[in-house]
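Undergrad: Listed below, chain by chain, are the residues.
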Amino acid sequence: MEKFNKLISSIVPLPLENVDTDQIIPARFLKSTSRDGFGENLFRDWRYTKEGAKNKDFILNKVSSGEILVGGKNFGCGSSREHAAWAINDYGFKVVVSSFFADIFKGNALNNGLLPVQVSDEFLQAIFKANSPLEVDLENQSIKIIETGLQEFFEISAYKKHCLINGLDDIDFLLSNKSEIENFENNRLI
Amino acid sequence: MAGKTLFDKLWDSHVVRKGEEGPDVLYIDRHLIHEVTSPQAFSGIEKRGVSLFRPKQTIATADHNVPTKDQHLPIKEELSRKQVEALKANCEKHGVELYGLGHKNQGIVHVIGPELGITQPGMTMVCGDSHTSTHGAFGTIAFGIGTSEVEQVFATQCILQTKPKSMLIEVNGEVKKGVTAKDVILYIISKISTSGGTGYFVEFAGSAIKSLSMEGRMTVCNMSIELGARGGMIAPDQTTFDYVQGKEFAPKGEEWAKKLAYWKTLITDKDAVYDKVVKFEAADIDTMITFGTNPAMGIKISGNVPSINGDESFKKSLEYMQMEPNTPLKGKLIDYVFIGSCTNSRIEDLRAVANIVKGHTKADNITAWIVPGSKQVESQAIEEGLDKIFLAAGFELRQPGCSACLAMNEDKVPEGKYCVSTSNRNFEGRQGPGSRTLLASPATAAAVALKGFITDATEYLN
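As they're listed, the protein sequences go chains A and B.
For the first sequence, the positions run 2 to 191 when our numbering is used.
For the second sequence, the positions run 373 to 834 when our numbering is used.
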């Protein structure tokens, strides 16, 4: 997993609530047996017309850069498909900001070095309004709107922070617990 | 000290190592896998040079991306065929039992777990699919996971997980005639919203929940993820034990007696405290249908589409669905009816449909698909003669799989068409690009198929 520490980048705003994983990556694009290449179909049905032409009004077709995706409340609801996190990552995003994330999506993002930053509703509105680059500092757990200087702190578990900063994943940790797992199995009553 | 909830008891008894400043190491009793979310996990452990830690505790089936016609023939679409073949190759290589296409135990992963007795009270169960919450109906901790977590279970039979908060949802009293488990859960979601359960694990209780059959309970727990909750559970009782007893992989003989004694202890202590409690009266619940693009956008069938309150997402949703605010849903023309999915594809669902359509034929404007949840459900339906009733009514009975619930295979609702569906999600394009989904119960879907427009099943129920 890639390490993450600090990022300054312009944003890609998507001010919609309840952006579900079927929008992030529709089921018909989940047929690959590898983790790569899903970025091509990120937000497929919003990004392209049914004839396959680019939809000029969709944000990904209007901006050419930005490693921070900013979505409305309840981002990533719906299915458990990790392909949603892979697609966002593969497209080039390193951070997703929202005022609320669905549980499974958040876990999947963290397991792939994609940092989900949960901010207050007010701060989210301020980000959309300013449309300015953001500074995301994982060490200090802070997010700042560069143009206005407005700053907020975000929550992340100490364990997950450690993993992201050092590029470690959960399996490394779990594998180091093998003997405890075997003990647990041997001592079960039921 | 306050007592423990059922969820607390089960969680705590599966913690291998408590996380001091992070997630717990949680032991997983049963792991279900399918073709779509497992290949990357298999290649992940291979890349690490790790073998499957407890292959006997993982069970595989092919369901998400399989055709529902001519399952005896090779899959036509190349990518889908390769994905299903990869599952077979991976299972053979790593010693995992696979119920592939054509096997008598094949079916939707959340239908076969319970019907084979793989799902048992008191267990922890995971699967790379959000509707794993279905198994909570047996008093299990069951939840959907991502592929990285599938890999964790492969490697260690554990996952790292932060313990969710607990929520009690109680439904008391008796439901009105014609109101089914699906209506109950659609009603609950419409009240709590698609994010109201996020961060929680739900326990459903109350007399209206307890009076449901196991299949009804599965429908309720199945959709707990649509509240945003990690999962939902119902404490096991005699209804549960009667269902499990005699199933293929259920405990037998002395083992049964031992397990049963344990299962009977699986209740929430009287003085336990939940982080959140929500109570509903069963009598307030009507037959339900959704009008928008998330499962919380549900109303009683006799109701009007709500007015737009200035909310952009709501407005976008109504535009997508081409719904007029403040107009009744009843009478709206429909094009497709889909009866299937891990929410409503079990034998009781098919019986409910047969009960309504028997002796009638579908409306000319309707295409009606019935996709049984498993080979066992399919065989049972044929044994009971339901297939003949469906055929006579102009419904197409297909072969088991997830089918048009997520439209990964060729079972797609065409662009702009309306589908009344017994599945669980009405997201934009969920049933095919541009499709418009209205979620409802099997009884409602059957009645709509006969009329050709939105109606409730009342007149067919006598």
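Don't take each hint at face value.
[As the list claims (entries may be wrong)] Here are the simulated DSS-like cross-link-like pairs (lysine-lysine), alpha carbons at most 27 Å apart as the crow flies:
(1) B:Lys789 <-> A:Lys162
(2) B:Lys672 <-> A:Lys179
(3) B:Lys441 <-> B:Lys419
(4) B:Lys454 <-> A:Lys51
(5) B:Lys688 <-> A:Lys55
(6) A:Lys32 <-> B:Lys672
No lab work stands behind these hints: they were computed from the structure.
Undergrad: Looking back at the numbered hints, which does the structure fail to meet, lowest number first?
TA: 1, 2, 3 and 6
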